[in-house]
Every structure is written in structure tokens, then in C-alpha cells.
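Protein chains: 2
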Amino acid sequence: MMRVIGMMSGTSADGIDVALVRISGAPPAISAKFEAHHHAAFPARVRAAILRIANGGQTTAAEISQLNFLLGEEFARAATEACERWRVPLSKIGLIGSHGQTIYHQGTASKFLGVRAVASTLQIGEPSVIAERTGVPTIADFRPMDMAAGGQGAPLVPFVDYLLYGDAKLGRVALNIGGIANVTVIPAGAQAGQVFAFDTGPGNMIVDALVEAATRGIAKFDRDARIAFRGHTIPGLFARLMREPYLREKPPKTAGREQFGSAYADALIAWGKKRRAKPADLVRTATVFTSLSIADAFHRFIFRRAKIDELIVAGGGAKNPLMMAQLAAALPGVEIVPASEFGIPPEAKEAFAFAVLAYEAYHGRENNLPSATGAKHPAVMGKLVRGGRATAIVPASNPARSGGSGHERW
Amino acid sequence: MMRVIGMMSGTSADGIDVALVRISGAPPAISAKFEAHHHAAFPARVRAAILRIANGGQTTAAEISQLNFLLGEEFARAATEACERWRVPLSKIGLIGSHGQTIYHQGTASKFLGVRAVASTLQIGEPSVIAERTGVPTIADFRPMDMAAGGQGAPLVPFVDYLLYGDAKLGRVALNIGGIANVTVIPAGAQAGQVFAFDTGPGNMIVDALVEAATRGIAKFDRDARIAFRGHTIPGLFARLMREPYLREKPPKTAGREQFGSAYADALIAWGKKRRAKPADLVRTATVFTSLSIADAFHRFIFRRAKIDELIVAGGGAKNPLMMAQLAAALPGVEIVPASEFGIPPEAKEAFAFAVLAYEAYHGRENNLPSATGAKHPAVMGKLVRGGRATAIVPASNPARSGGSGHERW
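Listed in order, the protein sequences are those of chains V and W.
With this note's numbering applied, the first sequence covers 52 to 461.
With this note's numbering applied, the second sequence covers 52 to 461.
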């Protein structure tokens, strides 16, 4: 049994989700039990810097280097704070899995410098800092290995969904509504190769941006869909949004801030201003678009490949009652189950997943799902950094002994 | 016994040095035998992009992300080409240690985003790509852990110098003249804590930039000091260069492109134009400054702390006969020995060192030298990525067996 901390900061960059997971065994008999969740917000200036850079703003190597180390400190602080709050000493944590903060992701290759075609991804939040401050071995930077193996580097959570939700009799879809919405489709009795996954399109990203603009930054998201419930869907705008070409693209496919980021929200806001639309109507329309773009993916790509009994919903969107009601209405015959019923609070789902992915990597087992990412083969994703303080246990003056046990301590 | 490949691309970004090293045992009885060296030049456009970004040019997260993956391909290609040339199959290589390409390094902390003081370093050349293309486990990104532990993240080679050159009776200094010049001082019979190391100042960086400007990019360095030998030292300029404040700073200290990069060379060229100095005179003056700034460090900081019998010289500067002659003249009583006499060609020295550092990290042993870097404690530097193809050996369908041997395979 190992207690593993998983950490994740999503594309919205509002802070770090930390999950404590008790894991034992090996697939298919792996057990991963959620124990606790903590959220650590980024300081406003840190969030602003992340969003500016992630949205394609001009920067320098210096700024990215400093931000990488600064976020390392933020992740380390989040883990330390979480353990203090949970009253679990860091010394009881066997491993940390840190996704880091994505500041760039391009799943498909394009020519770079006229030299060769490159796909790439960049997560920051220096794991050496996390390992040093916590004294816990840390595995980070999962996506690059899948991409090196020809995959899109995303989605990664489906592997964990498959480990946890795979069922002999029930066809299940795991849906995460974060900044982007993604699904993992696990047909009843599926082998790994039969599981498929893709991003359906926007999650909370558009609604969050509209709410933030409408409230001049006071609200970051539409709590309980209060704003959306006050508004009305604008039919013309809704129809136009549903014509989004991404929805028609065949899976596997990944979406990001590139498609649905600030430029997208700005265009919506500009549209609204021109037509004097009420902000609440814009928020309502974007909320409906988000839910129905997800339902659209079921009708286009999922139902024809698998019978689905249950839709397990995680992510911030799972707490949006309007989104949930619309999904239920658009997907008759599918039972909608909050991921929390599996013991994992929606807001902890991704952090939980990176604890499991790290645990698998630590034991040298492949932890990507080629059928979801498009990778040419299974691979062990993640880079392992040993704990700084942990090394002090073996004195430098005793190299023979250190050498003897070296292999296991990696 | 393990065959390890070390790879390094220095601040001059002219390409990748690859060293093949046969390593066995553990300190103090470690044996590291140099076997072969290969140099793979970067395409001109890649070098230009690196230098632009490393010199502080405006960039984006996208460009750094893509350059990271592109350089991963370059490093993988360098290792593959090297093995083909050496007629050593990649399957015989147990480990790759890759330093990567530094695009930013700031050894001492300064306030960032008004949030906290940060020191940081950024090496690129994605190790997941190297591991995937070669099928060899790869350890990369050494500097961040030393920096997380409070060190300057440099210099790292002194640890290897200490392992290789430590002698019961002879006081030795290992000098590397790369873009920057650095020394490791190993008093006779020294313990690790008595070894000290620092950057003396410029290495070939200034001379290279002057030569490149004078030849309109045709020559990248002053081969055999031919240009310098045609010129004369400009006494006023030389005296002014020797007043460089960095030379007086007390060790430990690190220098980089920040101090002696393109801005520095541009100022020299502008000075020369204004006074109609001959380019060869500028090159001569910069060459003399480089050698005597190294000698200056001996008189200021080394001789008063240790008796030195031998100066072991590596790096491109070891092949500059003017630099070598001036060092000999300025350091009477010290025997100057090319590192090649220890079986390591000067141009392979740093790549060799990263093979040894990776070997130590792989076996879970601390591989920084706090007395050189200023770190608060020894730490295991480096991030381990498993080989992509290597993972295919253990089929995903046999998780129990994979789990059983997982620890050792990290």
C-alpha cells in the first residue's frame, strides 16, 4: 500500500487541486481509494502571468524559466498545506504525481523552423522543487512521452477511468467538464484497446470567461448556474455556435485554449455588445452550447459504437445544475451519475488520476492508452525525480551502501 | 559494467557532443573509461533560434515548446548517428545522460512577479523523445535539483573531476574552456567538501563571437589561434577588460551569456569600429584577456587555498595554442596537462561528465558537489525517463509480471 498525492492545475489556471489516494496492487487488481482533496489558489499575479503566456503572449526564456520554478514552489506549497490540513505527515507520502501547468499543447505536428514537423506540449511547475521541498519522490511531465510515441499527449485520464470504471456488464462513459470537456467511452467488458476517448469541445472555459467579464472579475465561474438561470438562450447565436467545425471532427481529437480560449470568449462578448445582448443571455447560451456540444458527441460518435448505460460526470461542470439537466434531457436512457458516487469528488478527479498514473509509472508499468491518445504503443509516461531530503537518509560518505540499494530507491 | 552515452550542447549552441563511456563500480572505486566521441552540428536555423532565445529575445510558449521537442529529435539523432558511426548497437547502451541545451540560467534569486524570489535554470531537448527514439532510459535536466536544494545549479562537472582526478599526493585543477571557463580545485588528498569550483569568466565565447563577426560567419572559432597570432594586443582595451568586476567576485560564482554573451561582443566590436582597430587585434586582445582572466583567478582565489601541481585542461580552448602558452607563462610551477592525457579528448569532456552523472543518478547516488554549487546538501540530480521501445519488452497484457520487476526497471 502506498499513499500517493496527485496534483493538477487545469487550463483555467485558477489553482492546484491536490488529491490524496491510497493505492495498492497492480492492474487488473489495482485498488485506488480517494482519501482527501485540497485546493490551493494561485496568487492573482501568478494566474495572470500563466494565462497571458498560455494565451500566446510574448515572453522570454527568462520568464518561462522563472515561472517554472515559481510554480514548482506553488505545487510544493499546495502539497505541504494539504498534508497539514489532512494531518498526514509528508513522511507518510510515498510518491507525488504532478501534472503541472500546461502553457502550450499542440497535439498534431506542424513544420517548425523549416527543419521538421513537430508536435509538442509544455507543462511547467518544476518537479525538482516539489521533490526537494516535500522530500517525496515526484513524477511529473507525463504528456511528452505519449507524444514522443506518436500520440497527441492527451487525453490521459481515460487510462485511469478504464482502470476504475471498467465493468463486465455496464457500458460507461466518464465525462470530465473542466476547462475543456472530455469523455472516456468504456464499453461493457472492454479490453484496453476498445476504450476510446476524446475531447468533446469546450467545458467551463467559455462560460467562465463570460462570467468573469460580466462581473468585472469578481466571479470566476457561474456558481449553481445562477447567472445562466436568469438569462435566456439566444437562438441565432446558439445555432451558430453549434456549427463549430470542431464538433464534426472525428475522434481521436483534442481541444484547448487554442480553440476555446480568450479569443473565442472575446469574440462572443464583442458579438453581444454589438447586438446589446444581456450578459446573462450570453452566459445561458454558452452554457447550453457547452452541454449540447457534449450531447452532440454522443449522438455523432459514441452511441453507434457502444451501448451506454451510465454517464459518470466529474469536473466543475458536474456542479452546474443547468448543464446536468440539459445532458439528462439530451441523453434519454443514460443514467447520469456524479463521479462523487464512486467516492471521488468531481473537483478532485484529475488530481486523483495523476496519483494513479504516477503510481503506475513508479512501478515501471505503461500508463498511456494508445486508443485514446493515438500513440503507436503503450509507454511509461512521466519523469522521476527523487526527493531531495530523502537522499539525506543515505549519507554521502557511505557510497558503498548507497550503491547497493540504489536501484530500488529510484 | 554499463555503457553510457553522455550528451551536451554548450552555451555556444554549435551542436551536440556525444561521448560513449564504459562505467562500472561505485565511488570511490568507480571506473569510467572514455570510449568514443561524436559531434553532431545543429542545422543553422536551429542554432540561430537557440541563440536568439538564449540571448533574451522575445518568444512564445509555443516556440519554446516546439524547440524543446525539436532539440529532443536532434539529441536522439546525435545519439543514433554516433552509435552507427561507432558500430555499437543502441541495444548495448544501458543509459543516456543528456544535459540538454541551456536557454536560461540565473544562479541567484531575484524577485519574480512580486510574489517571491526565484533562481532558475532552463534546459531543453525533450528527454522523452530521446528515450523513445533510442529505446534507452534517459536521465536529463540535472541542474534544477541542485538549484532546488539551494545551489546555483552549476558547475556540475567538478563532481566528475573529483571522482576522476582526485589524487592523494598531487594538487590538481581541472580547467574547462568552453563558452565559459571554469575550474575545479582538488587539493591533494581532498575530501568532497574540500573541493571547490567556480567559473573564472569567459571561455571561448567572446573570441568566437569576434571571429564570427570578422569573417561574416564563415569561421565559428579561431582555429589554432591563427587570427590572434596575426594581431597585436591593444593595451588600453586589455587593461579595461581586466577591470571586469566579475573577476573580483569571490567564489562560488557562475558566469554565462548574461555577462559575456552577444551584448558583450557587440560592445567590443563597436569599440573597435570607433577606434578603427583591426579585427585580428580585437581577437588577440580577447584571447589574451580570456587566458589571463583564468590565470587571475589562480592568483586571487586558488593558490592561497591549495598547492597546485597540475592544471588539466579540457574544452575547445585547450586546442588554442596562444591560450595554452599564456596560461603556462602566467602560472609558473604548474604543469599544464591536456585532459586528453587522461584518455578524454577535450571536446568530449563535458559529454563524458554527463554520462558519469547519469550513471550515479541511475544508481540513486547523490551527484552534486555542494562545495562547488553552494547547495545546502547533496542531492540526486536528474529526471529519469524510461525508454519507450524498451517498455514493449514487458507486454501490457501481463501486468503482474510487469509489476513484479517494476522497481528495478526504473
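Derived from the structure by calculation, the hints contain no laboratory data.
The beta-carbon is built from N, C-alpha and C at its ideal position, and this holds for glycine as well.
Treat the hints loosely; a few may be bogus.
Unchecked claim - Across the chosen pairs, the derived CB separations fall in these ranges:
(1) W/Q245 with V/R138: 28 to 36 Å
(2) V/R136 with W/K162: 41 to 49 Å
(3) V/M53 with W/Q242: 58 to 66 Å
(4) V/R326 with W/A99: 31 to 39 Å
(5) V/P94 with W/F280: 40 to 48 Å
(6) W/A99 with V/P94: 52 to 60 Å
(7) V/R73 with W/R356: 51 to 59 Å
(8) V/M52 with W/R96: 46 to 54 Å
(9) V/Y297 with W/G108: 52 to 60 Å
(10) W/Q245 with V/T131: 51 to 59 Å
(11) W/R294 with V/R136: 41 to 49 Å
(12) V/T266 with W/K162: 29 to 37 Å
(13) W/P296 with V/A168: 51 to 59 Å
Do the hints match the structure? See the list:
no.: 1; hint: W/Q245 with V/R138: 28 to 36 Å; in the structure: violated (44 Å)
no.: 2; hint: V/R136 with W/K162: 41 to 49 Å; in the structure: violated (28 Å)
no.: 3; hint: V/M53 with W/Q242: 58 to 66 Å; in the structure: violated (37 Å)
no.: 4; hint: V/R326 with W/A99: 31 to 39 Å; in the structure: violated (48 Å)
no.: 5; hint: V/P94 with W/F280: 40 to 48 Å; in the structure: violated (57 Å)
no.: 6; hint: W/A99 with V/P94: 52 to 60 Å; in the structure: violated (37 Å)
no.: 7; hint: V/R73 with W/R356: 51 to 59 Å; in the structure: holds (53 Å)
no.: 8; hint: V/M52 with W/R96: 46 to 54 Å; in the structure: holds (52 Å)
no.: 9; hint: V/Y297 with W/G108: 52 to 60 Å; in the structure: violated (33 Å)
no.: 10; hint: W/Q245 with V/T131: 51 to 59 Å; in the structure: violated (35 Å)
no.: 11; hint: W/R294 with V/R136: 41 to 49 Å; in the structure: violated (55 Å)
no.: 12; hint: V/T266 with W/K162: 29 to 37 Å; in the structure: holds (31 Å)
no.: 13; hint: W/P296 with V/A168: 51 to 59 Å; in the structure: violated (46 Å)
Taken one by one, the earlier hints fail for this structure at numbers 1, 2, 3, 4, 5, 6, 9, 10, 11 and 13, listed in ascending order.
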